[in-house]
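One line per chain: the protein sequences are A and B, in this order. Sequence positions in the first sequence follow the numbering used here and run 1 to 395. Sequence positions in the second sequence follow the numbering used here and run 1 to 395.
There's no promise every hint is true.
Said to hold, decoys possible - Calculated cross-link-like contacts (lysine to aspartate or glutamate; reagent style EDC-like; alpha-carbon spacing at most 20 Å):
(1) B:226 x B:188
(2) A:384 x A:157
(3) A:75 x B:325
(4) A:324 x B:72
(5) A:384 x A:316
(6) B:6 x B:260
(7) B:324 x A:29
(8) A:319 x B:261
(9) A:319 x B:144
(10) B:242 x B:274
(11) B:319 x A:29
(12) A:327 x B:135
(13) A:204 x A:274
(14) A:82 x B:325
(15) B:319 x A:274
(16) B:82 x A:325
(17) A:161 x B:144
(18) A:76 x B:325
(19) B:75 x A:325
(20) A:199 x A:144
(21) B:161 x A:273
(22) B:76 x A:325
(23) A:389 x A:274
(24) B:327 x A:72
As the list claims (entries may be wrong) - Derived coverage of chain A by chain B (criterion: at least 3 residues anywhere in the stretch with Cβ under 8 Å from a Cβ of chain B; other residues may be distant):
(25) 227 to 238
(26) 323 to 330
(27) 337 to 344
These are computed hints drawn from the structure, not numbers from a lab. Just so you know, even glycine gets a beta-carbon here, dropped at the ideal spot from N, CA and C.
Listed here are the chains, written in short residue letters.
Protein chains: 2
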Amino acid sequence: MTPTFKITKKDSRSRARAGVISTPHGEIETPIFVPVGTQASVKSLDPRQIHELGAQIILANTYHLHLRPGEDIIKKFGGLAKFMSWNGPTFTDSGGFQVFSLGVGKEGGGVKFLREESKQEPEEAKPRLNKITEEGVTFQSHIDGSKQYLSPETSIEIQEKIGADLIVGFDDLESPKHTYEETKKSLELTERWLLRSKKAHKNKQQLLYGVTHGGIYQDLRVRSAKFNDEHFAAIALGGAHKNKANMHEIVEWTIANISEEKPRHMLGIGEVDDLFELIERGIDTFDCVIPTRIGRTGFFFIAPPLGSIKNRFRTDIDKPQFAKDQKPLDPNCSCYACQNFTRGYIHHLFRCRELLAYNLLSLHNVHFLVNLTKQIRQVILNDKFQNLKKAWLDK
Amino acid sequence: MTPTFKITKKDSRSRARAGVISTPHGEIETPIFVPVGTQASVKSLDPRQIHELGAQIILANTYHLHLRPGEDIIKKFGGLAKFMSWNGPTFTDSGGFQVFSLGVGKEGGGVKFLREESKQEPEEAKPRLNKITEEGVTFQSHIDGSKQYLSPETSIEIQEKIGADLIVGFDDLESPKHTYEETKKSLELTERWLLRSKKAHKNKQQLLYGVTHGGIYQDLRVRSAKFNDEHFAAIALGGAHKNKANMHEIVEWTIANISEEKPRHMLGIGEVDDLFELIERGIDTFDCVIPTRIGRTGFFFIAPPLGSIKNRFRTDIDKPQFAKDQKPLDPNCSCYACQNFTRGYIHHLFRCRELLAYNLLSLHNVHFLVNLTKQIRQVILNDKFQNLKKAWLDK
Chain A
1 MTPTFKITKK
11 DSRSRARAGV
21 ISTPHGEIET
31 PIFVPVGTQA
41 SVKSLDPRQI
51 HELGAQIILA
61 NTYHLHLRPG
71 EDIIKKFGGL
81 AKFMSWNGPT
91 FTDSGGFQVF
101 SLGVGKEGGG
111 VKFLREESKQ
121 EPEEAKPRLN
131 KITEEGVTFQ
141 SHIDGSKQYL
151 SPETSIEIQE
161 KIGADLIVGF
171 DDLESPKHTY
181 EETKKSLELT
191 ERWLLRSKKA
201 HKNKQQLLYG
211 VTHGGIYQDL
221 RVRSAKFNDE
231 HFAAIALGGA
241 HKNKANMHEI
251 VEWTIANISE
261 EKPRHMLGIG
271 EVDDLFELIE
281 RGIDTFDCVI
291 PTRIGRTGFF
301 FIAPPLGSIK
311 NRFRTDIDKP
321 QFAKDQKPLD
331 PNCSCYACQN
341 FTRGYIHHLF
351 RCRELLAYNL
361 LSLHNVHFLV
371 NLTKQIRQVI
381 LNDKFQNLKK
391 AWLDK
Chain B
1 MTPTFKITKK
11 DSRSRARAGV
21 ISTPHGEIET
31 PIFVPVGTQA
41 SVKSLDPRQI
51 HELGAQIILA
61 NTYHLHLRPG
71 EDIIKKFGGL
81 AKFMSWNGPT
91 FTDSGGFQVF
101 SLGVGKEGGG
111 VKFLREESKQ
121 EPEEAKPRLN
131 KITEEGVTFQ
141 SHIDGSKQYL
151 SPETSIEIQE
161 KIGADLIVGF
171 DDLESPKHTY
181 EETKKSLELT
191 ERWLLRSKKA
201 HKNKQQLLYG
211 VTHGGIYQDL
221 RVRSAKFNDE
231 HFAAIALGGA
241 HKNKANMHEI
251 VEWTIANISE
261 EKPRHMLGIG
271 EVDDLFELIE
281 RGIDTFDCVI
291 PTRIGRTGFF
301 FIAPPLGSIK
311 NRFRTDIDKP
321 QFAKDQKPLD
331 PNCSCYACQN
341 FTRGYIHHLF
351 RCRELLAYNL
361 LSLHNVHFLV
371 NLTKQIRQVI
381 LNDKFQNLKK
391 AWLDK
């Protein structure tokens, strides 16, 4: 079967909608947060935990899996889901972003990336590790420095071997520092690469997402939305933005120009306020490394009234005040970490660098975002989206 | 209730026996391997995994928990088991060994420790961090360098606050490099400290183990066994040995001189052959960091016919041959790791330093030793101990 998308309910006062993506490996009820397992593992979590916390689909990365263990091994093992023992749908990103980020150093300090994944990376200039031509990208492996090559055709071939249910076309990435002309040039290359991706895509068990670009420029964004809508049955939103307000505009420009019945994935975004703001603007799925990444540095998500826009719905288990705290991470949370452990114990584990700390904090954080999107789905079904959004985002 | 020990069945051809230790937190069927949770966490495993793999009791460390988070916090949280959300019996070591190892550097290279815990530690000379007097030991914290003090009275007080079901008297440790006179002097100090430990021990919900010492010297070992048998209802075997053959002798000298009805714990030992050899000589329980420590470095246990004395019943997941291997770690194993994942996937995780690798390898390894001791218990009950021992240890 080719994966399909069906809208179950539309919000009466916004573009928010609840739907279902059906894939050969199972159904995905949207909106939903998609945990990231870059290297075929959602960092520190086992598949049983990921299933129990409510996740419905996992996103892995084509660039990383191509380099290690290689798509042929994953294919031989029965595809990504079977390889990682995940009984459910999977998604792969095209690798365009990772290849792009190998080259971004050349542009020097201050470059901002679109995707959260790299927001915490050092921004100092470093030698450019990629070379982009019309044909594709030559780059050095970040693991062993070996010469590697990705193109629309190889990306799709790799993604077909990896065998995720949802895959993404190969794209060039613009920087928000790029001029209009540079951004336009990059967008046009992306358009040609997306058409080549579409042509290379043979396995109709997999749903191929286009990717929208155009940086911060409205006309380019509109053009990209229309282009993707013309050629693809599912749309991923990518590329650069300046700040949250600009990201909201970009999503609005894009969504207004793609067909309602197509599933829309927001690449690499996943702060609490983003989920509300972008679901409201019509996004169905999100992936982001935030919950596991911040978990490994001691941060955990907290719902209102403890959490708010002001503290970014999070606090730090390393704080001395938590040493004697017998409450769970988030008092109303139903995850395994919150049902079984105190802040005091997790504080102790984190201070001791016990690996269980990273597991429990990551588990709680992924549970938090997945279940927030499930809660949002529920209020869309009940036509109470605005109430929930207000309860979370209004101070 | 005071914990009790009851022998269920004795092997007809050796000192091996099956028994039950009953504690306020549950029963422990012996012989059994006790996973180590030094800092109130069995490294990388969560309590549900530890329960599911078949463990019945966890051993934590007085020295480490005293320094962090401190026994008062653990007491406030309801004691060790509740603090770490472990629904079962717990054990604490006295901290004597850890304090001893802070001073052992003064003796220079080549010092061998009794306990596996430190076998892989660097042996170069380092500044001595402890000072032993009749009263107790002054030492520097390995965490922040702060001045600390442990004595028989403080160790017991700390262990009472930590609240494990089984606790151990405070001891001085000999080195196998010590002369007869030095070893005798250390043993006599241990005897005085054990009497002070016994006197300080008030909470009869906790069973206090004595500790045998005497290094490599038969008469001192016999003396220590008799001393402990006179004063304690449960005996831990500690101190130095030269090699495995010497360890076997030491256990024989000791066991021959302690009452049959008392539970016997072997401190810090846990290789596969050790379990057979020492259960045969009358040991009931074992603790050791081996399964989690080697798991974090990529090693996993394998049963015969793959595993043997020659390969120490283990192999290394990092080997290139495992990259394409679709079998589980150990084909006959029933643990979560073996039921759900291939060697190829775990090899990939380990190469990528994914935290899940350490979890799965540790889980398999702890399951392996716990279930080996359970299997040994079963053959003792069926009077077939020698058959199983031969199947495992004879080439």
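Those earlier numbered hints the structure runs against, lowest number first: As far as the earlier hints go, 2, 5, 7, 8, 11, 12, 13, 15, 17, 20, 21 and 25 are violated by this structure, in ascending order.
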